[in-house]
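Given next are the chains, with one letter for each unit.
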Amino acid sequence: MSRAEDLLASYAAAFEAGRAPDAQELLEAAGPERPQLEAALERYLRDAPRRAWDGAAFAGSPAAGVADGLDKALGSGGGLWPSLLPRLRARAELRRADLVGRLAASLGAQSQAAKVGAYYHQMEHGLLPAEGVSDRVLGALGSIVGESARTLREAGSSTFGEASGPLPAPAAAFARTAAPDASYSDPAADAAIDASREEGEQSWDEVDRLFRGGPE
Amino acid sequence: MEPSPFRELSEQELALLTDDELIAYIRGARTARRPSAATLALQMLVFGYWDTLVARAGLKLPVSATEDVAAIALESAIKSAFDGESIGEFRSWLHTILARKISEYYRSREGKPKLVPLISENADDEQVWGEEPSVDAPDGTLVDLRRAIEHAYSELGAGHRAVVDLYVFAEYSAGETTGATGESENNVHQIGSRFRKRVKAILEG
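Protein sequences, first through last, are from chains A and B.
Residues in the first sequence are numbered consecutively from 52, following the numbering used here.
Residues in the second sequence are numbered consecutively from 125, following the numbering used here.
So that you can see chain B by itself, here it is in the shape it has in the complex:
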């Protein structure tokens, strides 16, 4: 059966579409080689979540980074939607991506403040991440820590990385991480705990 021909919608009609319908509409416009018809739908999708993403990023990041991270999250989520990845509900996916980008922001910076106390205290692995920001750790300490984290992280599969992104780096609760990843709360605790232990083991050589 021939697919229905693409029909350009008015602003009022587009505003009534769900996220998935907007994405399907953009896809339809591109398939029909009418990219200009997709522009407004794309603008609605971006505008609709922009403030929320920036605000949520602002809970975890310095103000100077919030818009950048929100933009990257939007781009990645929309890219996934068009690359055929299974993303489920767009809004949930968008927020999962945002959490990952927040964690990447911290992992990409050597002075990852909340992780510094790991080396100096707390054998109890739920506490080893500590509380205090630090920018004056001994020379090389942060570099060693960063390498240990990257090493431990590189050993994980995609599913466990998602858990570590959210539960360890973005500081989601176990329940929230469960909601975003589908892992049970018990698994989330275990994955987080094992990751911390592994980082500690690497640091101790």
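Bound-form chain A, shown alone:
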């Protein structure tokens, strides 16, 4: 058995036992056989079957957070935003309040930070249709979290097929409060948004237009 084959076997045994072997360590150990080992690890992982369900292991895994985000996304009308936006914010190591402050400043809407925050809250919960959000908002948001506006637009645009769309009203109402975040939401800002929704476009201010007026 070659060195690479030997290391692959030890990697596979550890991986299949549910451990997370350090591939980089093994690659270092492979010496001149590193390219062969890397290719073999690629093939092994690519062909690995779906891991058998283990509810206890899942509960303690980062996969739980991803599944939760996707579950929210599937139940919303906001595409992947409920999954993607909180993760990007976490990656940027920003509290929501800090992100909202920077977003409001980027949009020249510092005096309406609460309203910007309420809209952003809706984006994270999939309650704001992506087609209404302007490129300017997505560009500013993308700059803050380190992602392109195009990626944000594409992520938000999915409807997850014809059977999707927003949840029925009670579930959507639950989604709005399912992850209460003291830093947002602001009841007054929510009320202002709700009022402008009822009163129609003529009552919109610049922040409403930025978040609901379409891409341009």
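Here are the computed distance ranges between Cβ atoms for each label pair: (1) A71(A) to G329(B): 44 to 50 Å; (2) R131(B) to L145(A): 41 to 47 Å; (3) R131(B) to P113(A): 30 to 36 Å.
One-sided and incomplete, this derived list gives chain A residues near chain B with beta-carbon spacing under 10 Å: (4) A71; (5) D73; (6) L96; (7) V117; (8) G130; (9) L131.
Calculated directly from the structure, the hints in this document are not laboratory data.
For glycine and all other residues, C-beta sits at the position ideal for the given N, C-alpha and C.
Fit chain B to the given chain A structure using the hints.
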């Protein structure tokens, strides 16, 4: 004929389903407006591939980026499955998406290390990508290179982009790229070679 009514399955029953069956089940639950029934099936799909994706990403990316890229790949693959795209076998599609996301990770960063030597050496176009990471290239060099790559990449159609993603950026072998894209190995070599030449031409003005 009326479609069969949705029937919620137990944990044991769900665990026996294939990927495609799980996806169909989630779709059925959503059609029936019973999203809570889809949650466990979705969790099984995510859990089932999470470790594999993170491990595979770890072969190409710094540890700090592996979970992020794995999550993005999962989200994109599941989004495709529900948006009606033709994805074939879910596992293969998932790994193709992962490779694309790995390549996007590098393309989105100016200090794309493995590409730096392109400007300084090797007219032989299979070698121009070089080996050595570099973070201290002359001012503007990396920016120029990045722009050249983006320019050349923007000229490609979707099929050729997939080849470049895998063969050039994610460093798949030609055979692996063939398996993932359906292009012949000869085409994979040619597309990769043409892309490199085009980047070089743009850089040389």
